[in-house]
Amino acid sequence: MRIRVASSLTRRRRHWRRTVARGAVAAVLLAPFGAHAADNTTDFGSRILRQKPAVITGISGLSEADKGRVTLNAFAECMVGRSPGRVQTYLSMKADESHTEVYLDDFVVNSKCLGNGALTIPSVLMRGAIFRALYLRDFAKDPAGLAAVPIDFSVYASQDSDYYRRVSFGDCVARADFSTSAQFVRAQVGSTAENKALQQLKPRLSECLAKGASLTLNKSTLAAMLAEAVYREAQVGAATDSSGTMQ
Numbered sequence: 244m245r246i247r248v249a250s251s252l253t254r255r256r257r258h259w260r261r262t263v264a265r266g267a268v269a270a271v272l273l274a275p276f277g278a279h280a281a282d283n284t285t286d287f288g289s290r291i292l293r294q295k296p297a298v299i300t301g302i303s304g305l306s307e308a309d310k311g312r313v314t315l316n317a318f319a320e321c322m323v324g325r326s327p328g329r330v331q332t333y334l335s336m337k338a339d340e341s342h343t344e345v346y347l348d349d350f351v352v353n354s355k356c357l358g359n360g361a362l363t364i365p366s367v368l369m370r371g372a373i374f375r376a377l378y379l380r381d382f383a384k385d386p387a388g389l390a391a392v393p394i395d396f397s398v399y400a401s402q403d404s405d406y407y408r409r410v411s412f413g414d415c416v417a418r419a420d421f422s423t424s425a426q427f428v429r430a431q432v433g434s435t436a437e438n439k440a441l442q443q444l445k446p447r448l449s450e451c452l453a454k455g456a457s458l459t460l461n462k463s464t465l466a467a468m469l470a471e472a473v474y475r476e477a478q479v480g481a482a483t484d485s486s487g488t489m490q
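Residue numbers for the sequence shown follow this note's numbering, so the first one is 244 and each next one is one higher.
Think of the hints as simulated: they come from the structure by calculation, not from any bench.
It is possible that some hints are incorrect.
To be verified - Restraint-style ranges between C-beta atoms, simulated for each label pair:
hint, residue 1, residue 2, range
1, Ser306, His342, 20 to 26 Å
2, Ala419, Asn353, 37 to 43 Å
3, Pro446, Val352, 37 to 43 Å
4, Gln331, Ser457, 32 to 38 Å
5, Lys355, Gln402, 35 to 41 Å
Unchecked claim - As a list, the in silico SDA-like pairs of lysine to any residue whose alpha-carbon atoms are at most 25 Å apart:
hint, residue 1, residue 2
6, Lys439, Gln426
7, Lys439, Ala419
8, Lys445, Thr483
In this text, all values refer to a predicted model and were calculated from it rather than measured experimentally.
Backbone N, C-alpha and C define an ideal beta-carbon position, used for all residues, glycine too.
From just these sequences and the hints, can you work out the full model?
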């Protein structure tokens, strides 16, 4: 079986693929909707619980794009659960530099979350799925508020990069309606809750688009933009709440 996750992005993409023998079961596997990385572990007889693959179920009735997002989200949750240190290393790197792509390529291939399967995905969507997994892990039960001031994304990429423009747009939307943006990020893919949140965010999308600018979006790319913006805002907001000052 081969799983292919595609999108309508026309920008340059980076893809990962691992060949699978005929008849093999794909190992980018999914637990029932709503299951998070921490709920899907295997005890190997020690104090260390390791992330295990889950079975792809519960996706009948979804569009092909949403099925791809479900698969990708499960893969990212596995990566965050198995290798939090590598995730943090990746996220500390400049998003628009070539060595970051190389690092992510190696991380995906050697994550042990893919196994006997194949995954083809633009790196921007992979990045967004990782941030979604982090948000579910850190803030699903105890949502944090906004940072006091907008995140300076020039720390993570040059201001003339596509990444910077995308994530800055996502941050504008998140700050305009953080509660709904967070609901969209944590909602089950293709659910009523996700679609409702998307409808509520549509006016914010227009408001955040610079005058005279245009932007082609689909739900997958919007989800990736918002996931990073919401997580980084919540991360700084939580630090502010706990210390009384921004860190």
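We went through each hint and held it up to the structure:
{"no.": "1", "hint": "Ser306 / His342: 20 to 26 Å", "result": "violated, 35 Å"}
{"no.": "2", "hint": "Ala419 / Asn353: 37 to 43 Å", "result": "holds, 39 Å"}
{"no.": "3", "hint": "Pro446 / Val352: 37 to 43 Å", "result": "holds, 41 Å"}
{"no.": "4", "hint": "Gln331 / Ser457: 32 to 38 Å", "result": "holds, 35 Å"}
{"no.": "5", "hint": "Lys355 / Gln402: 35 to 41 Å", "result": "holds, 36 Å"}
{"no.": "6", "hint": "Lys439 / Gln426", "result": "holds, 9 Å"}
{"no.": "7", "hint": "Lys439 / Ala419", "result": "holds, 17 Å"}
{"no.": "8", "hint": "Lys445 / Thr483", "result": "violated, 29 Å"}
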